[in-house]
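**Student:** Chain residues, written in single-letter form:
There are 2 protein chains.
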Amino acid sequence: MSDFNLGFVIFPGITQLDFTGPFEVLSRLGTPPSLSVPSKFPDVKTHVVAKTLQPVSSDRGLAFLPTDTFETCPALDLLCVPGGSGLMEALADSELVDFVGRQGRQATYVTSVCIGAFLLGAAGLLKGRRATTHWAYVDLLPLVGAIHEEGRIVRDGNVVTSGGVTAGIDFAFSVVAEVAGPEVAQAIQLGIEYDPSPPFDAGHPDKASAAATSLMVQRNESSHTAIRKALEKRAAPGVP
Amino acid sequence: MSDFNLGFVIFPGITQLDFTGPFEVLSRLGTPPSLSVPSKFPDVKTHVVAKTLQPVSSDRGLAFLPTDTFETCPALDLLCVPGGSGLMEALADSELVDFVGRQGRQATYVTSVCIGAFLLGAAGLLKGRRATTHWAYVDLLPLVGAIHEEGRIVRDGNVVTSGGVTAGIDFAFSVVAEVAGPEVAQAIQLGIEYDPSPPFDAGHPDKASAAATSLMVQRNESSHTAIRKALEKRAAPGVP
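Those sequence lines, one after another, are chains S and D. Residues in the first sequence are numbered from 1 upward in steps of one, following full-length UniProt numbering. Residues in the second sequence are numbered from 1 upward in steps of one, following full-length UniProt numbering.
Since the hints were made in silico from the structure, they are not lab data. Glycine included, every Cβ here is placed at the ideal spot set by N, Cα and C. Please note: incorrect hints may appear among the correct ones.
What the hints assert, rightly or not - Which residues of chain S face chain D? A few of them, derived with a C-beta cut under 7 Å, are:
no.: 1; residue: Gly13
no.: 2; residue: Leu17
no.: 3; residue: Thr20
no.: 4; residue: Ser27
no.: 5; residue: Arg60
no.: 6; residue: Ala63
no.: 7; residue: Leu65
no.: 8; residue: Ile147
no.: 9; residue: Arg152
no.: 10; residue: Glu193
no.: 11; residue: Phe200
no.: 12; residue: Met216
Using the sequences provided together with the hints, build the complete structure.
**Tutor:** Structure follows, in structure tokens:
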């Protein structure tokens, strides 16, 4: 089987777990074939792609070194775009948005985690598509022409969008199951002991207390407004 | 409240999600107090500590930039040691093991994820303690004087060890709840939409198929043997 090129776009202010969660799961597609079922394991090459090869820091100060720039990155089989508080600047970066669009138009899988969905959207990849994003931002999906669908992972054709941050781990397993089969997904799950047992059941507004939800909505208010304005401006470029 | 110094030891060949999972959760302890309950939010400083400030690559090729060296890192309130396929080399690195011991003897919380437990053990921090590690390596815990206890997260005094890779996320939430209160833990859980929904229920040998477990045991065989030999040698330094 030929190479399977897996690419993550990173930018200053990413939420690093949006990226590192799926990275851990998807990069294991390339586990040496001594494991099992060799014919199902594609030869995975993992690309961490940014504007330059300089270090890129997450919104909590964790710095990564990219492996590829927008120019040097090969055609990707799977494109994954994370979110983060740096989204506003990323939306304004035409080289980044162009890269997402260019890769997204040819990739087998076009994916996002959290508010990375709006970068797919800005690149025109969500028009008429069912999609999701972080729960606090789902109301903004129509601004990029997407139709919000409830769900931690939403698939429409070759576009797979996922909810906030940790949803990227679940999304990655679903992709592994499709690319390499459920046995491989389950072997990876066992390998990383993904048997989650959160000490609280408060990971979605359906379950969290009204107080916690209200705090989070309040905390996200300014970025929600900023993203809304940026997307509205993009939708109607003539309007100041 | 004074600074809360949170430190992650990284080394070549770490399993990056052992580190980045708890990093995402624990670094949010430092969320600006505008969120809520300001008095409970310690002023968190996050340290990514390595032998030098040169980039450190994970076992799947993801490169991080450390923020501190073993010499420049301040006294930590919470020490977290991840695992990874580079464990053997890390066990042989006396500067690293000394750093873990020095910090571990004074930290409020001494923690590990996955086979990072053996670095705590090599530094003498698990003697007589109940502890856990990745399911495929729990039988080796007595070699560092620890008593294996079943559980995804095991706490004995100020030592908190957790199971394989993704167990670090659950462990981090339990620490946040203790340091900052359950409301803060739940707000962070909602913020990162940690409402896990794995597509399969195969994350532990209790649940996985015998075939998947056997594959994983087989795959870990050589590293299991290597770690066993290194720990046996350490336990009886006179024996070649």
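**Student:** State for each hint whether it applies.
**Tutor:** Outcome of the hint check:
| no. | hint | verdict |
| --- | --- | --- |
| 1 | Gly13 | violated (14 Å) |
| 2 | Leu17 | holds (4 Å) |
| 3 | Thr20 | holds (4 Å) |
| 4 | Ser27 | holds (4 Å) |
| 5 | Arg60 | holds (4 Å) |
| 6 | Ala63 | holds (4 Å) |
| 7 | Leu65 | holds (4 Å) |
| 8 | Ile147 | violated (20 Å) |
| 9 | Arg152 | holds (5 Å) |
| 10 | Glu193 | holds (3 Å) |
| 11 | Phe200 | holds (5 Å) |
| 12 | Met216 | holds (5 Å) |
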